[in-house]
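Please model the complete structure; the sequences and the hints are all you need to start from.
Spelled out from the first residue to the last, the chains are:
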Amino acid sequence: MNLQDYSVSRSSKAARVAALLAAVTLLVLIAAPWWAGRADMRLMGELFLYLSLATLWNLMAGYAGLVSVGQQAYVGFGGYMLFALTMLGGLNPLVAIAAAGVLGALISIPVAVLIFRLRGAYFAIGTWVIAEVFRLSFAQISALGGGSGSSLPVGIVKSLASGRAMREALSYWLALGAAVLVVTAVYLFLRSRQGLALTAIRDNELAAGSLGIDIWRTKFIVYVVTSAFTAMIGALIFLQKLRISPDAAFSVNDWTAFVIFIVVIGGIGTIEGPIIGTLVFFALRETLADLGTTYLIVLGVVAIVVMLKAPKGIWGVIRSRYDLQLFPLGYRVKHIGQSKEN
Amino acid sequence: MEWLNAIVQGTLLGGLYALFAAGLSLIFGVMRLVNIAHGDLIVLAAYLGLTVTTATGMHPMAALVIVVPAMALIGYALQRGLLNQTLGDDILPPLLVTFGLSVIIQNGLLEVYTADPQTLNAGALETASVAVGGVALGILPLLTFGIAIAVIWGLQWTFYHTALGRAFRAVSDNQDIAQLMGLNRRHIFGLAMALALGVTAIAGILLGIRTSFDPSIGGGRLIFGFEAVIIGGLGNLWGTLVGGVILGVAQTIGAKIDPGWQLLAGHIAFLVILAVRPNGLFPRVSG
Numbered sequence: 204m205n206l207q208d209y210s211v212s213r214s215s216k217a218a219r220v221a222a223l224l225a226a227v228t229l230l231v232l233i234a235a236p237w238w239a240g241r242a243d244m245r246l247m248g249e250l251f252l253y254l255s256l257a258t259l260w261n262l263m264a265g266y267a268g269l270v271s272v273g274q275q276a277y278v279g280f281g282g283y284m285l286f287a288l289t290m291l292g293g294l295n296p297l298v299a300i301a302a303a304g305v306l307g308a309l310i311s312i313p314v315a316v317l318i319f320r321l322r323g324a325y326f327a328i329g330t331w332v333i334a335e336v337f338r339l340s341f342a343q344i345s346a347l348g349g350g351s352g353s354s355l356p357v358g359i360v361k362s363l364a365s366g367r368a369m370r371e372a373l374s375y376w377l378a379l380g381a382a383v384l385v386v387t388a389v390y391l392f393l394r395s396r397q398g399l400a401l402t403a404i405r406d407n408e409l410a411a412g413s414l415g416i417d418i419w420r421t422k423f424i425v426y427v428v429t430s431a432f433t434a435m436i437g438a439l440i441f442l443q444k445l446r447i448s449p450d451a452a453f454s455v456n457d458w459t460a461f462v463i464f465i466v467v468i469g470g471i472g473t474i475e476g477p478i479i480g481t482l483v484f485f486a487l488r489e490t491l492a493d494l495g496t497t498y499l500i501v502l503g504v505v506a507i508v509v510m511l512k513a514p515k516g517i518w519g520v521i522r523s524r525y526d527l528q529l530f531p532l533g534y535r536v537k538h539i540g541q542s543k544e545n
Numbered sequence: 027m028e029w030l031n032a033i034v035q036g037t038l039l040g041g042l043y044a045l046f047a048a049g050l051s052l053i054f055g056v057m058r059l060v061n062i063a064h065g066d067l068i069v070l071a072a073y074l075g076l077t078v079t080t081a082t083g084m085h086p087m088a089a090l091v092i093v094v095p096a097m098a099l100i101g102y103a104l105q106r107g108l109l110n111q112t113l114g115d116d117i118l119p120p121l122l123v124t125f126g127l128s129v130i131i132q133n134g135l136l137e138v139y140t141a142d143p144q145t146l147n148a149g150a151l152e153t154a155s156v157a158v159g160g161v162a163l164g165i166l167p168l169l170t171f172g173i174a175i176a177v178i179w180g181l182q183w184t185f186y187h188t189a190l191g192r193a194f195r196a197v198s199d200n201q202d203i204a205q206l207m208g209l210n211r212r213h214i215f216g217l218a219m220a221l222a223l224g225v226t227a228i229a230g231i232l233l234g235i236r237t238s239f240d241p242s243i244g245g246g247r248l249i250f251g252f253e254a255v256i257i258g259g260l261g262n263l264w265g266t267l268v269g270g271v272i273l274g275v276a277q278t279i280g281a282k283i284d285p286g287w288q289l290l291a292g293h294i295a296f297l298v299i300l301a302v303r304p305n306g307l308f309p310r311v312s313g
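Going line by line, the protein sequences match chains A and B. Reading the first sequence from the start, the letters are residues 204 to 545 in our numbering. Reading the second sequence from the start, the letters are residues 27 to 313 in our numbering.
Any given hint could be a false lead.
Said to hold, decoys possible - Here are some of the chain A residues that sit facing chain B, going by a computed Cβ distance under 10 Å:
(1) Ala-264
(2) Ile-333
(3) Asn-456
(4) Phe-530
Calculated from the structure, these hints are not laboratory results. Yeah, the Cβ is synthetic: ideal placement off N, Cα and C, and Gly gets one too.
Here's what the structure looks like:
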């Protein structure tokens with residue numbers, strides 16, 4: 204056996220094919236305003252925003268071990284920042300979305316310092332407390348409509364683009380752009396040195412710590428970056444909705460329960476998982492939504508069954524069967540040339 | 027005097043929060059499980075109470091005779107049928123399964139009982155009060171506080187003076203060795219969950235008499251219970267009572283300043299204690 208007979212590579216044929224298909228799909232999706240109807244575009248826009256939320260939650264829970272049930276804190280915060288900065292601050296909505304991300308990162312720093320004192324499941328409930336504090340605080344601000352909320356004034360909506368079709372296309376592209384940005388950012392982050400540290404922590408926190416990885420700092424960075432992106436997505440969500448209220452902005456069902464189900468069903472701890480999960484979630488929703496509460500019960504049951512029977516989700520099952528990785532994160536050792544014997 | 031009144035009422039309210047928390051604390055102590063569906067189970071108990079009282083015309087307090095064993099049974103079945111499968115080193119499965127359970131219970135209740143707010147009608151008990159030194163004390167809050175003390179005392183006594191309590195402590199210390207000593211940990215966990223949901227049943231009935239409830243309020247009750255546990259210190263039941271009282275007092279004082287501040291003041295008190303004493307006031311075990 205000779206070392207030169209082996210090569211280490213990250214990419215694979217499947218990954219290259221997937222990248223090509225993704226590029227084609229992306230082009231088709233960018234062109235959606237020319238081929239899709241208004242209702243379809245709205246649905247796809249929503250899908251992209253859920254995909255972003257799921258990818259971000261997956262980064263936290265699946266890689267950093269930070270299981271949060273309080274991400275609605277940042278969704279709502281971002282939404283409210285959009286309204287506050289445009290209505291009270293006079294900013295352009297697009298600038299306000301970016302500013303919401305910066306403010307989300309800033310507010311997440313003291314929050315992280317506080318709730319990182321809680322471990323595991325108690326951390327999860329701690330994040331929920333934070334979301335409640337945000338909800339109750341924003342309900343106190345009368346300039347933003349207090350408990351009943353407010354609508355985005357027409358002038359601000361029109362400052363985005365004058366025509367309705369253009370506005371809808373812009374809103375769609377923003378959602379698509381956000382999803383591409385988030386998935387790419389998470390992918391590149393996981394391939395980086397920090398990402399390697401994160402993966403090590405996921406696999407064994409004790410061993411990672413003994414190799415000199417600063418666990419607290421790595422998790423802290425993930426939390427702050429996730430919060431910033433989540434706040435931006437929140438701003439986009441409420442730019443689509445044009446109306447905000449504390450209960451809608453900080454809804455645990457809409458912004459956390461669904462997101463968790465998406466990630467669990469799709470496959471936690473993989474980049475592909477949230478994408479598959481989002482597609483499954485929307486397919487289920489479009490077919491079962493008429494059932495109302497029954498639909499949510501079905502979703503809960505599916506998530507529990509997946510968690511118990513196939514904890515790696517749909518993508519985990521596919522990957523273990525076909526040895527696929529569409530977003531190449533790991534390295535593979537390949538045998539090249541003619542070896543004498545093994 | 028008004029402030030004294032707020033403090034006294036808050037203290038009594040703390041008894042209810044301690045009851046929310048006791049079940050949570052118990053199952054965490056025995057099997058390191060944090061049940062996200064705990065709040066929804068409290069609400070489920072309140073609805074069971076509603077069904078029993080409307081079907082039989084019993085007084086809600088008398089309905090405890092049926093609701094407590096029913097919840098205990100549900101607890102045992104839930105633990106053996108579902109939650110035991112999630113236990114292990116990974117915190118994700120129990121968390122996500124109980125989260126899914128929470129959504130299922132909440133929507134199941136919506137389906138059966140609709141979203142209309144309900145209350146348990148306890149007749150004269152709801153409004154009766156005694157005047158002590160110029161402060162009017164409601165009989166119901168006093169009774170709740172007394173029950174909270176009795177329940178916590180009972181749990182402590184069970185833990186330290188019975189064979190069952192010894193089994194709880196043994197599996198809590200080391201599951202594998204407890205198993206080797208002839209304890210069936212699956213059964214013990216089932217009993218712990220049964221006991222926890224028995225306490226939850228009491229909490230649910232008292233909640234239902236005190237205020238109106240609907241299927242969506244479970245999350246809030248979980249948070250109050252959780253805050254009481256963390257303020258008091260993990261694994262310390264009497265600390266949990268103190269935690270409940272601190273939370274209750276913070277809420278009534280907050281409400282005194284501005285009605286909109288009631289819940290916020292409680293959460294802020296929790297966050298301040300988390301910042302100053304991360305392990306709570308009287309920690310017993312590390313999380």
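Evaluation of the provided hints:
no. : hint    : result
1   : Ala-264 : holds (7 Å)
2   : Ile-333 : holds (8 Å)
3   : Asn-456 : holds (7 Å)
4   : Phe-530 : violated (21 Å)
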